[in-house]
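Enquirer: Residues per chain are reported as follows:
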Amino acid sequence: MTIRVGRNGTNPEGASQRGEVRWGTVRMSRAGLFARSAAVLGALGGSAVGAAEFAAAAGSQRTPARDREIFGLALLIARLEAAFYAHALAGGRLTGETHQFASVVGAQEKAHVKYLTTALGSAAGKSPGFRFGDAATDPTKFLATAVSLESTALAVYNGQAVNLTPQALAAAARVVSVEARHAAWARALAGQVPAPVAVDVPITVSQAESVFRPFLA
Amino acid sequence: MPRDASRSLRLDDFDLDGALRETHERQCRETRSGFLRRAAGAGVGVVGVLAVRPASAVAQASSGDVAILNFALALEYLQASFYTQAERIGALHGALAEQAHVVGAHERAHVRAFKAVLGSAAIKEPKFDFRGVTDNPNAFRSTAVAFEDLATAAYKEQAPRIQSRSYLAAALAIHSVEARHAAWIRRLAGFLPAAHAFDDPLSDSKVVEIVNSTHFVTLKTPDTSATSSPRFTG
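Chains A and B, in that order, are what the protein sequence lines are.
Residue numbering for the first sequence follows the numbering used here, beginning at 160 and increasing consecutively.
Residue numbering for the second sequence follows the numbering used here, beginning at -14 and increasing consecutively.
Bound conformation, chain A alone:
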């Protein structure tokens, strides 16, 4: 595994140097649609979230408004994760270190929700409902789902963090590495290598959405 960063700061896949930033699968998200609310999400067909929303934004600005959109996305993900662990623990079928994992990580996701809610103020909005079924309560499915949720959260955070103002990035980075720890822990419990690659490849918001959307009630 080599790091896919080319010389002169461009990516090796030939992105233009005219201010467009692409790195791996990262593109600048102009709208951050997933961040707005689950209600907006629900109105979008999966295929509708596509090129228009994720067009490369040459010269795109890092602004407080954009910070709020990205924090909104982070809040939605943290709410989903917190609900997932609460549901899993309520199911009563987790034991041993898996139970410990759900308990510790669930509490940390709640702390993230609280932090992001405070940071967003009135823009935080209400939490949507979630449904997990046995993806949360069946011990084997729980671990697979936890790996998926934590890895996806991390990858989309890494993708969006480059769009944050430095001050917001400093705050977000304190959460991002904790998500990485969660992902590694979940993978270890699932019998996988905790750190499978030398660099965590970011994903787009639409890629993350495809993972999270099935859990929105």
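It is worth saying that the hints were derived from the structure and are not from the lab.
If you want a taste of the chain B side facing chain A, the calculated C-beta under 8 Å gives, among others:
hint, residue
1, Pro145
2, Leu157
3, Ile159
4, Ser161
5, Val162
6, Ala164
7, Leu177
8, Pro178
All residues carry an ideal CB built from backbone N, CA and C; glycine is no exception.
Go by the hints and put chain B onto chain A.
Expert: Same frame as chain A, but now just chain B:
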């Protein structure tokens, strides 16, 4: 099962760790203190090199970015050397050996990447003496926990200061891998992989102080600044 969070090793515990403590009182601070300090950009070393010999690879990067990338490279040199030596000595077995093998490959990849990006502006690799911690599984484990938590905190501090979005994306993608490494080795050491809801950053000066306190760096990087012209005698 990992122990309670209250028992977890935190960054502040680094220089109190038993594996490192006995080396703490050693002398010779001056001979090795230059390595990371220069890398951190606190001195004129890195900036001086860039000014005198603008590297083609980073000719358009800000001097701040170059300093940060070199600081990251310094930490990656330290970690890569640590795991490589541990693996070569062969005192690790089982899960710990697997961790050293996989993580060592990652750290070496990070070194290669930063060197490629920095080109001739890259700092040279210093000499390391790990003072026995790489041939003792328990000392290895404690040191690895400290290194990985340290690297995570160091990247976290530097990331918001990076000007170039490409470099920032790369730094973030490595930052989270260091956090994965930390979680992995913490679990193997019996600590909670994620002991806190929020990870704190650590300033470059504090990182330098901690690394210097280990005395693992035995020879500072050669002075490549062209301002230090050769001296001729006679």
